[in-house]
Amino acid sequence: MRGSPLLRAFFIIVVLLLMAIPLWQLTHKAEAVMDLSTAPAAVKAPVHIQLTFAHEATGFQVLYLGKVIWEGKEPGLEAQKDFALEFPKEGIDLEIKVEWLPATPETAVRVAVTHNYGSTEQTAWAVKGSLDKVLTFTDPQ
Amino acid sequence: MKTSFIILLLVLSVSVRLLAADPIQVVSFSTITTEIAEKVGGKLVKVTGVVKAGIDPHEYEPKPDDLKEVGSAALILASGKHMENYTSKLQESAAPNTVLLQVGDAFPSLTMKEEGEAAKTVEDPHWWHSIANMKKAVRVVQDALTKISPADKDSFAKNADAYEAQLDELDKWVRAKIAELPRDKRKLVTSHDAFQYFARDYGFTIYPVQGVSTQDAISSTGVAELVQTIKDQHVKAVFFENIENPKVLKEITAETGAKIGGELYADGLGEKTDHTETYEGMIRHNVTTIVEALK
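Which chain is which? The protein sequence lines are A and B, in order. Each residue of the first sequence is one higher than the last, beginning at 1 in my numbering. Each residue of the second sequence is one higher than the last, beginning at 1 in my numbering.
Rather than coming from a laboratory, the hints here were simulated on the basis of the structure. Where hints are given, some of them may not hold.
[To be verified] With a straight-line Cα cutoff of 25 Å, these simulated DSS-like cross-link-like pairs (lysine-lysine) come out:
1. LYS89(B) <-> LYS63(B)
2. LYS67(A) <-> LYS236(B)
3. LYS187(B) <-> LYS133(A)
4. LYS231(B) <-> LYS133(A)
5. LYS67(A) <-> LYS231(B)
6. LYS89(A) <-> LYS231(B)
7. LYS97(A) <-> LYS177(B)
8. LYS97(A) <-> LYS63(B)
9. LYS187(B) <-> LYS128(A)
10. LYS44(A) <-> LYS236(B)
11. LYS133(A) <-> LYS89(B)
12. LYS73(A) <-> LYS172(B)
13. LYS158(B) <-> LYS44(A)
14. LYS89(A) <-> LYS63(B)
Remember, it's a predicted structure, so these values are computed and weren't measured experimentally.
Full structure from sequences and hints, please.
Quick look at the structure:
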């Protein structure tokens, strides 16, 4: 062996450092980051909601994904409105809150949802003049 | 003669009072049934919870001291549906008149195929994740206590009614909270398959790493399939459990980019530190954790 031991050590260190880069890349898998842009974009669709009260209500609220999307006072016996909502094939949940006068006898509200040219409806009964219930509506088609 | 009769009456009266003061001894092998017995029995029962918060009921084996407790119990409560594989030991240690009640066996089970064994199906023992099942369990325990002490029938009924009303309010809150989450995002990736009853009641699909028991083996093929499912279904978060090692889930998040959604209580109640020491606290914690992570 010829040459300075210091020089030989220097070359060995350089070679080892050069090898370390591809080795590190091979053994350390980059942490995946979910690309939310590849998730199917939520599409809003026209949805018609109709409320039919068995007795005149004093007020109501309709919540979608935890937010009030419709509310009204003294709506009479019927109320209806058009919305643009995401409606996945698994369906949607609507939380329906209705208040009647305390003296109102046993009463109910019928909720009809029209989407994709089809309609589904459900009836929810009040307890002591008050109703707060989550109803699930699947795609009527 | 008259004096003797009065003394006899007094002695009888005192004895009856003393007997009435003795609470019914209940030994419970599930944190869930411990709470039910305490709620329904009130001051008329003394409940010894053998399986405590943080203990894995799938792996628990009773110790000699536990079996001594069983020997003095009037009622032994287990969650049932094959969760406790040591019930024969409890029966052997119990007094002849002691009632051993496997609460979950009183109502229908969800079943699922065991991984690797095509023809074998197993019962899901985690019935308490359905509040509807919990209400049935309350009535099962009420009936058992009433049979042991018919004189206290009205007290047990009153306590059970109050607890059921609390469970109804809780169910209402759960439904409103879960309604904040779109139905197409209700996909739950958990350490082991403990949330089938919850999924059935609230419209979720479960993708577990392990089977219904924490003792089930984790297969590499299963993990690879799960990783692909999380990517295909765009699942935003996965959840670990309070008594499980979250290592595998951490690896899955690294592969998929999904985040760790938080800790769920799958096999029973938790500790006071995070308010999961009650059934209501546990359910509120699990539901809030799931909804906030998957939104």
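> Can you list which hints this structure breaks, lowest number first?
Replying inline: 4, 5, 8, 9, 11, 13, 14
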